[in-house]
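Asker: Listed here are the chains, written in short residue letters.
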Amino acid sequence: MARDSQAALVALNRFGFGARGGASGDFLNAASDPRGFVKAELGRSNGVLLEVPGLQSTPALGKAVFDYQFEIQQARDAAAKSAAPPAAGEGTSPRPEAKGQRRNPSLNGIAMEMAPKEPQARPAENSGAMASAETMQPNVPKLSPPPLNIIQKTFRAEALARLQRAVITDGGFAERLVVFWSNHFCISASKGGPARMWAGSFEREAIRPHVLGRFGDMLRAVEQHPAMLFFLDNQQSLGPDSRAGKNRNRGLNENLAREILELHTLGVGGGYSQDDVTALANIITGWTYAGRLGRLGAPGSFVFNANAHQPGAQRVMGKIYDAPGVAQGEAVLADIARHPSTAKFIAAKFARHFVADDPPPALVARLADVFTRTDGDLKALAVALVDSDEAWKAPLSKMRSPYEFLIAAGRLLVQIPNDPGRYLGGLNVLGQPLWSPAGPNGFPDGNAAWASPEGMKLRLDISAQIASRLAEGIDPRDLLELVAADAASPETRRTIERAESRQQALALLLMSPEFQRR
Amino acid sequence: METTMDCCDDMRSLVTSRRAVLLGGASFAAWAYLPKFARGADGRDPRLVIVILRGALDGLATVAPIGDPDYAGLHGSIALSSSGPNAALPLDNFFSLHPVMSEFSRMYREKKAAVIHAVATPYRDRSHFDGQDVLESGFAGPGRVQSGWLNRALEGLPRGERVTSALAVGPTTPLVLRGTAPTVGWAPVALPQAAEDTAMRLLELYQHRDAALASALKQGLALDKAARGDDMKPKPGAGGVAAMRLVARGAAKLMAADDGPRIGALAFDGWDTHANEGGAVGRLAQLLSGLDGALAEFERGLGPRWRDTVIVVATEFGRTARINGTQGTDHGTGTVALLAGGAVNGGRVIADWPGLKATSLYQGRDLAPTTDLRAVMKGMLKDQFGLAERVLAESVFPDSAAVKPMQGLVS
Chain C
9 MARDSQAALV
19 ALNRFGFGAR
29 GGASGDFLNA
39 ASDPRGFVKA
49 ELGRSNGVLL
59 EVPGLQSTPA
69 LGKAVFDYQF
79 EIQQARDAAA
89 KSAAPPAAGE
99 GTSPRPEAKG
109 QRRNPSLNGI
119 AMEMAPKEPQ
129 ARPAENSGAM
139 ASAETMQPNV
149 PKLSPPPLNI
159 IQKTFRAEAL
169 ARLQRAVITD
179 GGFAERLVVF
189 WSNHFCISAS
199 KGGPARMWAG
209 SFEREAIRPH
219 VLGRFGDMLR
229 AVEQHPAMLF
239 FLDNQQSLGP
249 DSRAGKNRNR
259 GLNENLAREI
269 LELHTLGVGG
279 GYSQDDVTAL
289 ANIITGWTYA
299 GRLGRLGAPG
309 SFVFNANAHQ
319 PGAQRVMGKI
329 YDAPGVAQGE
339 AVLADIARHP
349 STAKFIAAKF
359 ARHFVADDPP
369 PALVARLADV
379 FTRTDGDLKA
389 LAVALVDSDE
399 AWKAPLSKMR
409 SPYEFLIAAG
419 RLLVQIPNDP
429 GRYLGGLNVL
439 GQPLWSPAGP
449 NGFPDGNAAW
459 ASPEGMKLRL
469 DISAQIASRL
479 AEGIDPRDLL
489 ELVAADAASP
499 ETRRTIERAE
509 SRQQALALLL
519 MSPEFQRR
Chain D
25 METTMDCCDD
35 MRSLVTSRRA
45 VLLGGASFAA
55 WAYLPKFARG
65 ADGRDPRLVI
75 VILRGALDGL
85 ATVAPIGDPD
95 YAGLHGSIAL
105 SSSGPNAALP
115 LDNFFSLHPV
125 MSEFSRMYRE
135 KKAAVIHAVA
145 TPYRDRSHFD
155 GQDVLESGFA
165 GPGRVQSGWL
175 NRALEGLPRG
185 ERVTSALAVG
195 PTTPLVLRGT
205 APTVGWAPVA
215 LPQAAEDTAM
225 RLLELYQHRD
235 AALASALKQG
245 LALDKAARGD
255 DMKPKPGAGG
265 VAAMRLVARG
275 AAKLMAADDG
285 PRIGALAFDG
295 WDTHANEGGA
305 VGRLAQLLSG
315 LDGALAEFER
325 GLGPRWRDTV
335 IVVATEFGRT
345 ARINGTQGTD
355 HGTGTVALLA
365 GGAVNGGRVI
375 ADWPGLKATS
385 LYQGRDLAPT
395 TDLRAVMKGM
405 LKDQFGLAER
415 VLAESVFPDS
425 AAVKPMQGLV
435 S
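Just so you know, the protein sequences line up as chains C and D, in that order.
Remember, my numbering sits 8 above the position in the first sequence when you count from 1.
Remember, my numbering sits 24 above the position in the second sequence when you count from 1.
The following label-pair restraints were derived from C-beta to C-beta distances: (1) D:94 x C:502: 29 to 39 Å; (2) D:419 x C:427: 33 to 43 Å; (3) C:446 x D:204: 44 to 54 Å; (4) D:167 x C:11: 27 to 37 Å; (5) C:68 x D:228: 47 to 57 Å; (6) D:381 x C:33: 45 to 55 Å; (7) C:426 x D:251: 34 to 44 Å; (8) C:447 x D:327: 56 to 66 Å.
Treat the hints as calculated values from the structure; they're not laboratory data.
Predicted model, so just to flag it, every value in this text is computed and none were measured.
Here a beta-carbon is modelled for each residue, glycine too, at the ideal position from N, C-alpha and C.
With the rest of the complex left out, here is chain D (with noise of 0.2 Å):
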């Protein structure tokens, strides 16, 4: 008890801190963690966004398998479809993106964006808590690890003369910035109001165990509801199109000053679609919209510093190849991760594709995972940051030496 005591006060002055120091007003220049090379010969100055979806991104619905014979037959009537009012946007011949992020198709197009497919970390089974701590630890399974990936990259780095504190968005770090390198918090204004799928979930719960208060909880969300007036007016939650919009272009803000953080993490919420998940329109159409808008927000805030930017959009796991009785998908294995920004070696969709044949589905269910994440995190920060394939290796992602960084994903 008291050992926790004593981690939950050092908690919140930690917060505090961390506000302190980004209300402070001096700058950033705290810290030692910048790259040699930034602002070096070639002015190269690089930044890292990574953008953390959870809930578990039904990848084949947000870069989908046109070309493979079985894709339309497993995802039935939310698989996109080339032709048609919503036709989704082609990549390439197989692959088509999905037709409301008409931004990353244009970075895309420009060479600025690309697409990993049959991707996941090692975490094989299906609790978003356990697959949110392997893809926010680094580590290969789930465990009692207090430190992300991220955190540990950035004490990898070289020290440079100038300094630096990574940007975690939102009322706390996300595990994959926590750590012993030290962070800036940020978040906008909007508190979040619970998330209509929360009050779904509550609701659904309540119907099974308690009518009273199932009964309360509706009348109350048709109050707020009616007093609010529009019901497709965005929430300020994270889940809110908006809202995304919102805390990307303060974080894009934040990190294009000179002094800036030249590394941000960020997370949505949202992403499990169990019931009526939505095709080429829906809801995850209205989040991958929020996502995409998102993407556009950090391309025009940054500015300049565009150029030497890399966002990597990734999440715990996929969703079932087949859609369920619901109109929606399940907990899944493979899925996708975009990459998006001026340092992206883009133009692309890289999969070693395994095919959704039934035999190759994975346990009969899933895409089946061709590519480590890991790879492709280690790759990017390889090129991106110039750490050296042990420490990525050895600290960074322990115990990975097999998994090689991926080549070349930044140009």
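Only chain C is shown next, with the shape it has when bound in the complex (with noise of 0.2 Å):
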């Protein structure tokens, strides 16, 4: 078959995490068969489910972590009463000397002599990156770190697993998936303690099951896990005429219902009201999850708590739901998953996501009919997207993210991170924190977020210190060959070629237009 380089860099680029270094031969085969490469990872859903040993499930996860916090708020609780002071904040007893920890004291003599006298200009460029301190010499002498708590542990393994998937699988275009609808069903890890703890196993449970399944299963799984439901205060909320909110002062809250509505589905603009949200809000009270105490089921499960259910029907989007029970807000869901805005809404932030800023208004519209007639399957959507032409003709304009730039450069380098910092620290870096978007509208998606002055100039620096640690033993010549072979402009391929050191030239590779547009 003929070979077409530049629909190899749609299909790697675009679609995916970008080429594998090593001899994965992605070039070859992607500019054999472009839409066959993008394709292929969608014929297996079971490829999509991320399942690794020692991940557990949220309701295990849940009890960890509300039985870590009432020993924290328990020791809090005795150390005030015996007015003596305060333990060190969140249970992190410090030792001072970690096994395996020793250092020779001359050798830390030279390394405090040879720190810089000021302070660095910017903290940020210590703090990380895939070329972290870490085979740096250590600065000053310190405290070995306090072991980890629980949720930072779990926060790193789930990150360590999502981070290693995207690294060797194999285009791409199902694990952008992911990220895509993890991003559009956001929930944010700063939240606190279970946020950190579920932002994980949320993402492995109510997103990917559904990412080449129902939009609207995907919309009830996330709106009924409990990182949501903490992540949007839902389990606050309770009905004015329920049990519960008659017995104690407190009632509703409309959070997780106005972000279902605009954020979701329909959209701004899709036709809702307040009147739909606070009939919406009243619907879907009494969803929350178990405690630590379990009295309404197995801590940290999905339950629906009747006693805080506002009774009765209700009118959303001109319709009246009157089922009981948690049946009333999955009618709702399952309604406006198939509403026409919704369909408006989700093919228009698919297609800017994958091909522009400004995406083909026919594309768009012909996403949005795809997604209605096969009644929101995802699957569906993302072959419609791999099938139009526009996908392929459109140029390369959108920057990468920085996880997809962090990742494209794990692969291109054949880096499977057996821990997860540099990745974590390099996306602290650049602005985009592993599942801890600023808000619930989650990441921004355009050109002007990522391709900003700082963030580029931060970008050269990340691979000016990637390229000083992995470019030993390396021909960044051959590199641009993975990355875009005979689709590489004669720019590029002259500014790597006559960089003067291979440290320069995967620097310059990295941030080329051909590794940093997709």
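With the hints in hand, could you dock these two chains into one complex?
Answerer: As structure tokens, then:
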């Protein structure tokens, strides 16, 4: 079959996480059958699941975090009672020396002497990236870090599993879909202990099983997941006329209902009113998760608390919902999942993510049509995108997000992480901390956000750091063949060939338009 | 794919273990690679440091053949001169040293520094990567060699009763020191920011290919400078003058220790002076002053061990004899190697000078190489560590029997 290098770039970068290094043959495979290369991962629905030994279910993680927080609280209470100085925060009693941390005093002396006299201009520079201080001399003697608590450990294990999958996966289209939907239905790990604990299991349980399934199923799984209920405060929401609402001086919280309509389904301007928000908020009162004591069910599992549920019928988008219990909310979700506004909103967002900040209107219309006709079949939506001509003809104008950039670099340089630290640090530096967007609308998806002046300078620094650590022993000219082959521009080729060192050449390759744009 | 992954995991654990050795606390005592004569009757305990200048140093701007009638014309506006406010420092009645290299000049007068001119590796093309491969691998041509001549030299040393590993300075081990003999790694605290040169090259690429990224990066660089407040302040990157001293100071201190590494290797970037190279002042002058400062740091930091030390400064190739249209020089061939250290039999410029007449230039462009850099390295390894000529010709620099070790480099 004829090779089409430009199409290979589209297949690898627009739809995937970029070519892998080593002997993967990704570029050749993508060039010989670009559409087939992209679609290959869609045939295996189970391949989207992330089942890694050691990763636990949301209830198990919930129980662990509730117990942990309870212990901390008890310790605090005890400390307060005895009026003793409070113990170190988060229950981490720092041990002065962990074993295996012997240090040579004379070397530390040197290190101290060598430390820059002035504080770093930007602490961010030292805080990680893929080339972190880990391979460097420690600057000054410091206490060994306290052991990680259960929340930190869990977050790192979940992050590691996701990063490893992204770096080794074949083309990456399925993982890109996971990231897209996970960002669409985002929670933020910075909300607090349970959110951090559940960030990974939320994605594994509510997103992944439905990425090639139905939108309506994903919607229900997401809105009933403890992580989302916690993130948008629904566990606190009480129906005003419910038993609990009448007994306690608390009431409705509209947060989740509003975001369901505004961000998750219909979109701003999707035809809903404040009354619809309030009605939906009433409808989903009682959607919560069982707490530490497990009165309503297994701790950390989704439960419907009838005591908190606002009784009676409600009208949403002109339709009356009068089913009792949890079925009332499920019926609303099922209906708005197939609302025309939802189809339009999702189609536009999908095309904007994969094709262009201003996607071709005809493409958006076609995707919306597919969404409607197939009753929100997300695999059909993905296939329709790949089958469109627009997706292959549009110029590669989108900037890779920091996550896509770091994963692409990891794939090219075959850096399968066995510790998530470098990647997490790099994501923090570049403004896309994993599973922690600033708001419920997720990370931005436009070039303005990622091709900013400061962002570009930081990307360059991180590229230089990656290169200084990994360029020895590789030939950047070979890597350019893996990245773009003859689709590389002559200017990029020349810039890399003329670099004065492998390190410089690799940094320039990672920053080249061929690597940054998708 | 599978094997590559394995390789990289290994690579990482290697980094970790090197670090563990260095930070582990006990000592460098882990492997027997120290010449038997160390601390022998004469008390000699030799040290060797290889400094690689990446980017191809302009040898004619570093040690200028001011006595050559064609030099001034070829090097034009950036030629050094023996008169004027920034006069070059005379080494003999033919060669003069770049004026910023006062420390090297002093060492030279003390006969503890020497220059080898019109020198080159066997590589005759103009790619930095391939040139660096040849320089560091010790093979006659570029290829997929995964070990360096300095590591193989280490392996060829007679095993002594004391033990040590070689020191690789920087976040990774340079090729010259990679191989089966053990190394320890060290890097100064300051993480490299992207060098200004890298940023400028990227900006140029963007200006041709991606206007939006060009504009963003340009603004980002400007903002960064404004935030720093002082454009001239050296950055912590490998190319900065202050950073070069910092690196040398740390390496010297490690190598001065009684149980410290006897052999070290490090690299300085930034020598690819295509444009605005500068002459007595300017960009190259900045770099050379950093190199000069680094040599002084080694002298100071090695203390009593400086007496038995040789530092070899080498680059992958030289630059064109004639300056180009942008006041710089392009990739050339012949260049200089510098030796410094208490063990150097110095005060000499060693050169079979080919001359700079148009007909004498290599390919009509470059200083013609008349000395094989391998002869210098072999001579120094032989004198400093007693490596046998056969080992040097077969395993350290494979297939190099025809290149005889240079005599008398070490006093």
